[in-house]
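Engineer: So the protein sequences, as listed, match chains A and B.
If you use my numbering, the first sequence corresponds to residues 1 to 344, in order.
If you use my numbering, the second sequence corresponds to residues 1 to 316, in order.
Honestly, the hints are just simulated from the structure, not real lab data.
Backbone N, C-alpha and C fix where the C-beta goes; we use that ideal spot for every residue, glycine too.
Be aware that a few hints might be false.
[Stated by the list, open to error] The list that follows gives simulated cross-link-like pairs (lysine-lysine, DSSO-like), each with its CA atoms no further than 27 Å apart: (1) B:LYS118 - B:LYS105; (2) B:LYS205 - A:LYS19; (3) B:LYS146 - B:LYS29; (4) B:LYS105 - A:LYS213; (5) A:LYS43 - A:LYS177; (6) A:LYS213 - B:LYS137; (7) B:LYS105 - B:LYS185; (8) A:LYS213 - B:LYS29; (9) B:LYS120 - A:LYS209; (10) A:LYS8 - A:LYS29; (11) A:LYS29 - B:LYS29; (12) A:LYS209 - B:LYS137; (13) A:LYS337 - B:LYS137; (14) A:LYS37 - B:LYS120; (15) A:LYS177 - A:LYS37; (16) A:LYS8 - A:LYS197; (17) A:LYS189 - A:LYS8; (18) B:LYS28 - A:LYS294; (19) B:LYS105 - B:LYS194.
[What the hints assert, rightly or not] Covered stretches of chain B, going by a simulated chain A footprint (3 or more residues, C-beta under 8 Å): (20) 36-43; (21) 57-65; (22) 163-173; (23) 202-209; (24) 301-307.
Residues per chain, in single letters:
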Amino acid sequence: MTKKIYTKEEWIKALAGLKSSYNIFVPVKDGDFHTFKALDETKIPDFNFQNTRLSPKSLVYPQSERLFECSLDENAPDANIIKESEKDYSPQAIVGIRPCDAHAFQIVRPNFDNPEYQDPWWIQRYESTTFVGLGCNNPGSTCFCTSVGGSPFSEKGLDALLYDLGDTFLAKALTDKGETFLEKAQGGKEADETALKAGEDLAVSAADKIEVKVSTDKLKDKVQTELFDAPFWDDVAFACINCGTCTYLCPTCWCFDIQDEILGKQGDRIRNWDSCMFPLFTLHGSGHNPRAKKVQRVRQRFMHKLKYYVDKYNNGVQCSGCGRCVRNCPVNIDIRKVCELMND
Amino acid sequence: MLEYVEKIKETAGKLFKEGKVDVFIGYKKGSVPMMNQPVLISNADQVDLLHWDSNCGLNLCNYLTGRTDRIGIVANGCNSRNIVTHITENQISRDQLYIVGIPCKGMIDHRAVQRAVKQKEILAIEEHGESFTVKGKDFEDTFNKKDYLQRNCSVCTHRNPVIFDEMIAPPVEEQDGVDAYKDVKEIEEMDPEKKWEFFTRMIDKCIRCYACRNACPLCYCPTCFVDESNPQWVGKSSDPIDTMTFHILRAYHCAGRCTDCGACERVCPVGIPIRQFTKKLNKDAQELFSWEAGLTLDQRPLLDVFRPDDYNDFIR
Chain A
1 MTKKIYTKEE WIKALAGLKS SYNIFVPVKD GDFHTFKALD ETKIPDFNFQ NTRLSPKSLV
61 YPQSERLFEC SLDENAPDAN IIKESEKDYS PQAIVGIRPC DAHAFQIVRP NFDNPEYQDP
121 WWIQRYESTT FVGLGCNNPG STCFCTSVGG SPFSEKGLDA LLYDLGDTFL AKALTDKGET
181 FLEKAQGGKE ADETALKAGE DLAVSAADKI EVKVSTDKLK DKVQTELFDA PFWDDVAFAC
241 INCGTCTYLC PTCWCFDIQD EILGKQGDRI RNWDSCMFPL FTLHGSGHNP RAKKVQRVRQ
301 RFMHKLKYYV DKYNNGVQCS GCGRCVRNCP VNIDIRKVCE LMND
Chain B
1 MLEYVEKIKE TAGKLFKEGK VDVFIGYKKG SVPMMNQPVL ISNADQVDLL HWDSNCGLNL
61 CNYLTGRTDR IGIVANGCNS RNIVTHITEN QISRDQLYIV GIPCKGMIDH RAVQRAVKQK
121 EILAIEEHGE SFTVKGKDFE DTFNKKDYLQ RNCSVCTHRN PVIFDEMIAP PVEEQDGVDA
181 YKDVKEIEEM DPEKKWEFFT RMIDKCIRCY ACRNACPLCY CPTCFVDESN PQWVGKSSDP
241 IDTMTFHILR AYHCAGRCTD CGACERVCPV GIPIRQFTKK LNKDAQELFS WEAGLTLDQR
301 PLLDVFRPDD YNDFIR
């Protein structure tokens, strides 16, 4: 597999050159934080960032996506016949995605792509995406990827991985997709032993910088009903305001709602992110709500991530340790602490 | 404001011992810098959890809605005004409450501090009265608190609680000469197109997480209009028109009730200055009706009274 070294200027130039082959998404500083945006003449990629405020999940799984549409014009030949909406599955590359966020797509995958059920839209966009990671030289204080099966330079879910060596990027291809991407990326030169060694050292020292250790080892053996009835949920949930910050910022929250909307003579069937924090999420047509209380909703979020997922997929927890919810929860509900309570 | 901590613990402990409250609502120290967590304690053994500093910028009145027990609660100026609003709107009864008043010197704007350290990660914050120090891996900076107050706190003229059963400390001096509505006036000057553009741009990062609504003690409707599904008033996609509808309608629901506590703005995960919506309505309430929300239990809220002798002609 290709291993190349680029000066940072060369890399930015190479990305510009790749625009003819891919829609390139890069971290861009947007006010107080970074966001992944499509690279164009107006955008300056900024790889000097901790992580983006919102995870890049929307690039595979948009917050709102039109699935189907139909004409409501009675005179139209296809009136009231629902048709799949046109979608764009041209190749795209997420360049600079952090290893935790790439790992997150692997955590999410069994939900959208499994033997019983395949979500055609998620799968097609996932498959059209090349994930070019950027290892974390300096993980944040709320990062805990190493507790949940990842690491600052984890290759899970990545097609290529970048190592920030100061003035240069070491770029390693990890899959055929990554190989193709780096072949097309102009400039750079083959990486020598020194650069490869520097990359390895960087990965080791970065992992050592993560001080937080969250225990998840006992979750699998816990009895679901006992955890469900655990005495700590009221305390955990008290402060929660039931907003969607945690679920919407989370790279592994996948729940959605499907809505029909009409504008003039056009009908659309739209899939939107939904959040288990919202009462409407579980409201039945009958008016009954099985999770009418805040504590039930808060419990659901943590039980799903740290118990139901663990039991169902045998794939660890449904969390990649990115720390977004820890940093951004308006009332400081900290999944690391809840996980310890559940694992205790 | 760290000096209040011991007094708060002592007072809460005393209330439990004297059997005056069943529960006590305050803050506990958060797990990340500049973040504290609302906490409910139910006996005297837990009072050591209680904390207070310049990062208590949520609104604890939010946690009173629907409670039926006897509650002790810490309240600074704006939170106390929301308690008044809650009582006059019949969301809680005065008899249920033991209000521990906190003279407030303002909350720190965590975003402004992050900006000041160029978004480097802050690992610790220490307060020393009028100043505070933030520390990260390779930096340490000390700032004057008054330069980094939350925007609502910097224009606050009700720092002392308006309703309380006891005060934790003597009242602090109120700020005078502040121009609370300088930014609103600038928007008022714009023509309609400019205004629309301003507000459209302001909310373009909104992810419809509803943190602003849920952090707001005024938003206690059993079912918010955006959550109504039969009939459905607002679309649920990220269409900008639906997002704008949510923000503008929510602001109007807060007209004459908002105390400018700033919780909505503080909690927004994408940093939208949401108070720009409510502040205009606060300004109108003040200029047109001489009304500031939550100052007294003796007056009905602005929008649920009609007086035949109203001094405004248009209303008669």
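Engineer: None of the hints should be skipped; say for each whether it holds.
Structural biologist: We went through each hint and held it up to the structure:
| no. | hint | result |
| --- | --- | --- |
| 1 | B:LYS118 - B:LYS105 | holds (25 Å) |
| 2 | B:LYS205 - A:LYS19 | holds (25 Å) |
| 3 | B:LYS146 - B:LYS29 | holds (22 Å) |
| 4 | B:LYS105 - A:LYS213 | violated (37 Å) |
| 5 | A:LYS43 - A:LYS177 | holds (25 Å) |
| 6 | A:LYS213 - B:LYS137 | holds (19 Å) |
| 7 | B:LYS105 - B:LYS185 | holds (26 Å) |
| 8 | A:LYS213 - B:LYS29 | holds (20 Å) |
| 9 | B:LYS120 - A:LYS209 | holds (16 Å) |
| 10 | A:LYS8 - A:LYS29 | holds (17 Å) |
| 11 | A:LYS29 - B:LYS29 | violated (31 Å) |
| 12 | A:LYS209 - B:LYS137 | holds (11 Å) |
| 13 | A:LYS337 - B:LYS137 | holds (23 Å) |
| 14 | A:LYS37 - B:LYS120 | holds (22 Å) |
| 15 | A:LYS177 - A:LYS37 | holds (21 Å) |
| 16 | A:LYS8 - A:LYS197 | holds (19 Å) |
| 17 | A:LYS189 - A:LYS8 | holds (13 Å) |
| 18 | B:LYS28 - A:LYS294 | holds (20 Å) |
| 19 | B:LYS105 - B:LYS194 | violated (36 Å) |
| 20 | 36-43 | holds (count 5) |
| 21 | 57-65 | holds (count 3) |
| 22 | 163-173 | violated (count 0) |
| 23 | 202-209 | holds (count 4) |
| 24 | 301-307 | violated (count 0) |
Comparing the model with each numbered hint stated earlier shows that hints 4, 11, 19, 22, 24 do not hold.
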